[in-house]
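A.B. asks: Please model the complete structure; the sequences and the hints are all you need to start from.
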Amino acid sequence: MRKSRSFGTGASSLNLNSMMDVMTIVLVFLIKQIDTEGQLVTAAENLVLPNSTSMKVPKEVSLGIVVDQNWVLVDGQQIVNTSVVSEQDSLMVAALDAILSEKREAEKQAKLARGEPDEGGGNVIVQLDKNMSYDVMFKVMATCGISGFTNVAFAVNMINAEE
Amino acid sequence: MAQLKKAQKDMEINVLPVMSLMTILIPTLISMVALGKIAIVEVNLPERSEVAMDSEPPPPDDNALNLTVALTRDYVEIWARGGSLPRVYFKEMWTFRCKVDGDTITYEPSTVSSDNPPKCQNGTMLDAEKYKFSIETIHLWAIHKESEEDPGRVEMSVYSKSDSAYLDGNNEFITSLGDIRDGSVVATLSESSSRRLACGRTAPGVEDICIDGHPAITLRPRSAYDELAKSLIMIHSRFIDLPDADNIIVLADDDTAFDKIINVMDRARDAGFFKINLAKLAGGGGG
Chain E
1 MRKSRSFGTG
11 ASSLNLNSMM
21 DVMTIVLVFL
31 IKQIDTEGQL
41 VTAAENLVLP
51 NSTSMKVPKE
61 VSLGIVVDQN
71 WVLVDGQQIV
81 NTSVVSEQDS
91 LMVAALDAIL
101 SEKREAEKQA
111 KLARGEPDEG
121 GGNVIVQLDK
131 NMSYDVMFKV
141 MATCGISGFT
151 NVAFAVNMIN
161 AEE
Chain V
164 MAQLKKAQKD
174 MEINVLPVMS
184 LMTILIPTLI
194 SMVALGKIAI
204 VEVNLPERSE
214 VAMDSEPPPP
224 DDNALNLTVA
234 LTRDYVEIWA
244 RGGSLPRVYF
254 KEMWTFRCKV
264 DGDTITYEPS
274 TVSSDNPPKC
284 QNGTMLDAEK
294 YKFSIETIHL
304 WAIHKESEED
314 PGRVEMSVYS
324 KSDSAYLDGN
334 NEFITSLGDI
344 RDGSVVATLS
354 ESSSRRLACG
364 RTAPGVEDIC
374 IDGHPAITLR
384 PRSAYDELAK
394 SLIMIHSRFI
404 DLPDADNIIV
414 LADDDTAFDK
424 IINVMDRARD
434 AGFFKINLAK
444 LAGGGGG
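Residue numbers (the numbering used here), protein chains in the order written: chain E, 1 to 163; chain V, 164 to 450.
Honestly, the hints are just simulated from the structure, not real lab data.
A portion of the hints provided could be inaccurate.
[Stated by the list, open to error] With a cut-off of at most 25 Å between alpha-carbon atoms, the simulated DSS-like pairs for lysine-lysine come out as follows:
(1) E:K108 x E:K59
(2) V:K393 x E:K56
(3) V:K308 x V:K393
(4) V:K324 x V:K293
(5) V:K438 x E:K59
(6) E:K56 x V:K438
(7) E:K59 x V:K254
(8) E:K32 x E:K59
(9) V:K324 x V:K308
(10) V:K443 x E:K32
(11) V:K308 x V:K254
(12) V:K254 x V:K293
(13) V:K200 x E:K56
[To be verified] Over 10 Å on every C-beta distance to chain V, these chain E residues come out as not near it, computed from the model:
(14) E45
(15) N81
(16) V84
(17) A95
(18) A98
(19) I99
(20) K103
(21) L112
(22) R114
(23) A142
The beta carbon of each residue, even a glycine, is placed where N, CA and C say it ideally should be.
C.D. replies: If you want it as structure tokens, here you go:
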């Protein structure tokens with residue numbers, strides 16, 4: 001009765017308190033989810049990384065190579081067609097070697113300018129589609145070694161080792 | 164009194180700006196949250212890229228383990244100390260996910276090609292040239308063969324809720340659901356994983372195998388990766404004192420999918436072989 005009398009008589013205001021509570025919880029949850037260290041590697045768009053039980057996360061920024069079904073990319077720049085890599089006989093991918101050697105030289109010079117020793121070779125993280133052939137993977141990896149990036153790691157999706 | 168009420172009403176915090184802020188903040192944070200965390204798998208570079216092609220190969224060390232896993236189209240084989248373990252033959256199955264209806268379809272690799280690409284349940288064909296990139300899961304079902312010519316039969320194993328194969332007291336795979344009962348003591352392929360099975364109870368050393376009061380363990384084709392993992396764990400524990408007890412070389416065919424390499428590397432690392440070298444199989448293998 002009281003309700004029907006008050007209905008339409010005054011300016012009704014939406015109670016946002018419960019909504020605020022929900023939002024606050026969601027906000028706290030999201031902030032917790034965000035890794036405080038930040039992600040040093042971002043998954044490339046045109047590929048699906050394989051799942052792995054590896055728990056090792058990249059500790060420093062490395063050169064990124066992406067090998068999807070169409071292109072081999074270095075730091076987002078298209079270098080060579082994946083089909084070309086697949087069809088060639090040589091282990092060394094010339095176009096990739098050229099750009100990697102250049103980047104390795106620049107890395108060396110930068111270290112020299114900072115007065116740091118250049119030891120142990122360069123670091124590179126390779127992202128390959130999980131269905132990419134071993135042949136392509138091997139050629140990319142070998143080219144990295146030839147051009148001075150001797151610390152090669154492959155990016156994978158971390159799955160929780162259950163037991 | 165009316166004035167007091169009015170004053171109280173005026174003092175109510177206006178939450179609308181905060182709401183607006185939250186509405187902006189939440190989508191921004193959602194876009195920043197990484198749904199899957201990226202890890203890395205480190206490898207040692209192929210030796211041929213570091214060693215000059217014309218140099219002599221190092222003499223074989225008789226005291227070394229020299230562990231090598233060869234992954235071919237049909238089997239996995241382990242070589243160590245100049246000998247080899249029996250091959251683990253497998254039947255490869257590809258599960259595709261159709262983007263049009265979200266359903267999965269499973270094919271034997273030999274039944275699909277660019278002329279005959281996989282077909283979804285609604286009749287849509289996958290891309291003839293790039294259907295291999297639509298493979299969601301590659302299953303390697305271990306098969307038992309009496310001889311090279313024998314087509315073999317698929318081996319079955321009991322798997323836990325968390326997808327781990329159960330082993331009995333003799334370190335053999337459990338092959339029948341009848342062998343699993345309340346109170347059974349089993350292990351998995353992890354170290355010190357012996358546990359007692361129970362339904363609806365959890366305690367230290369006790370695994371609850373039920374969901375809503377019903378057993379959730381399954382009998383399904385045994386993974387060749389599990390066979391490999393079992394052998395590698397055995398080898399690592401037996402030859403742990405050797406100087407190269409942490410080293411392994413993974414050999415594979417050119418057309419082996421990267422996913423299979425990662426799976427083998429995972430099993431090797433979980434067994435204790437941390438220094439992983441990759442190399443190519445000469446001659447194509449494939450039985």
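A.B. asks: Tell me the numbers of any earlier hints that the structure contravenes, in ascending order.
C.D. replies: Hints 4, 7, 9, 10, 23 are the ones this structure does not satisfy, whereas the remaining hints hold.
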